[in-house]
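Student: Sequence:
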Amino acid sequence: EVNGSKLVYLDNAATSQKPTAVLKSLQNYYEAYNSNVHRGIHYLSAKATDEYELARKKVAAFINASDSAEIVFTRNATEAINLVAYSWGLSNLKPRDEIILTIAEHHSAIVPWQIVAQKTGAILKFVSLDENEVPDVEKLREMISTSTKLVVVHHVSNVLGSVLPIEDIVIWAHAVGAKVLVDACQSVPHMVVDVQGLDADFLVASSHKMCGPTGIGFLFGKSNLLLTMPPFLGGGEMISDVFLDHSTYAEPPS
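Here the UniProt record's numbering is used: the sequence shown runs in plain steps of one and ends on residue 254.
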């Protein structure tokens with residue numbers, strides 16, 4: 001209740017409420033097998049690691065990824081987009097390369113590419129809205145050219161709920177050798193999302209919008225792309241060996 005009145009929560013496009021089963025699962029982890037994942041050989045660590053990797057497999061199956069190694073866990077979708085921007089973007093974009101976005105993208109999908117464009121000399125091009133106040137798909141198609149290196153686009157709008165034809169956009173982009181990053185934060189919770197069917201190169205989503213806990217999101221990336229991307233954040237889990245003068249890195253999804 002709020003101020004003595006029953007509440008009907010309708011703001012799920014921003015964040016969803018958490019089912020009791022989710023809360024109990026979190027409680028069970030902290031009470032029964034709280035331990036470092038991939039960082040120990042004792043029972044609790046093995047149990048936590050098994051559950052962690054099982055979650056990765058479930059996410060992969062949920063979006064029909066071909067391999068669970070294509071799922072990289074992040075803190076949220078914003079971090080997932082930044083991971084692509086700083087790891088793939090800084091390594092692959094050069095002056096005058098074009099990144100196409102729509103003006104309806106979430107700020108989290110715009111700002112990282114503004115920063116990368118400033119660093120690389122790439123150019124951001126924005127697709128305007130049509131008479132129905134949704135991104136003009138035909139203009140998007142016309143804007144794609146041999147200068148296009150990346151298309152960043154939402155699957156479902158967090159404001160209007162409009163759905164964009166991702167399959168078509170991917171075909172147009174791939175025809176000129178460009179990659180596609182899909183913001184699927186609103187589509188994954190509400191419709192079937194098949195990354196193999198979409199053929200998108202990258203796709204991001206966030207747990208808190210689909211009845212899951214806060215602080216967890218994921219990046220889907222095609223294996224051949226993830227394998228070429230340099231580390232985004234340095235740390236313990238993403239390394240293979242550490243020496244005083246250099247380190248070697250674990251393969252994705254670490």
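Since the hints were made in silico from the structure, they are not lab data. Incorrect hints may have been included.
When the alpha-carbon atoms are kept at most 20 Å apart in a straight line, the in silico SDA-like pairs for lysine to any residue are as follows [claimed, not checked]:
{"no.": "1", "residue 1": "Lys18", "residue 2": "Asn36"}
{"no.": "2", "residue 1": "Lys57", "residue 2": "Ser45"}
{"no.": "3", "residue 1": "Lys57", "residue 2": "Glu31"}
{"no.": "4", "residue 1": "Lys139", "residue 2": "Gln118"}
{"no.": "5", "residue 1": "Lys18", "residue 2": "Leu7"}
{"no.": "6", "residue 1": "Lys222", "residue 2": "His208"}
{"no.": "7", "residue 1": "Lys47", "residue 2": "Asn64"}
{"no.": "8", "residue 1": "Lys6", "residue 2": "Ser16"}
{"no.": "9", "residue 1": "Lys47", "residue 2": "Asn28"}
{"no.": "10", "residue 1": "Lys94", "residue 2": "Lys57"}
{"no.": "11", "residue 1": "Lys222", "residue 2": "Met210"}
{"no.": "12", "residue 1": "Lys57", "residue 2": "Pro252"}
{"no.": "13", "residue 1": "Lys222", "residue 2": "Val192"}
{"no.": "14", "residue 1": "Lys57", "residue 2": "Ser223"}
{"no.": "15", "residue 1": "Lys58", "residue 2": "Asp194"}
{"no.": "16", "residue 1": "Lys125", "residue 2": "Asp136"}
{"no.": "17", "residue 1": "Lys58", "residue 2": "Gly161"}
{"no.": "18", "residue 1": "Lys47", "residue 2": "Gln27"}
Estimated spans, in silico, between C-beta atoms of each pair [what the hints assert, rightly or not]:
{"no.": "19", "residue 1": "Lys139", "residue 2": "Glu167", "range": "38 to 46 Å"}
{"no.": "20", "residue 1": "Ala21", "residue 2": "Ile123", "range": "13 to 21 Å"}
{"no.": "21", "residue 1": "Tyr33", "residue 2": "Gly215", "range": "35 to 43 Å"}
{"no.": "22", "residue 1": "Phe243", "residue 2": "Val37", "range": "43 to 51 Å"}
Quantities reported herein were computed from a predicted structural model and do not represent experimental measurements. Glycine residues also receive a C-beta, built at the ideal position from the N, C-alpha and C atoms.
Student: When the structure is checked against the list of hints, which entries are broken? Sort them ascending.
Tutor: Of the numbered hints, 1, 3, 4, 6, 7, 10, 11, 17, 19, 20, 21, 22 do not hold.
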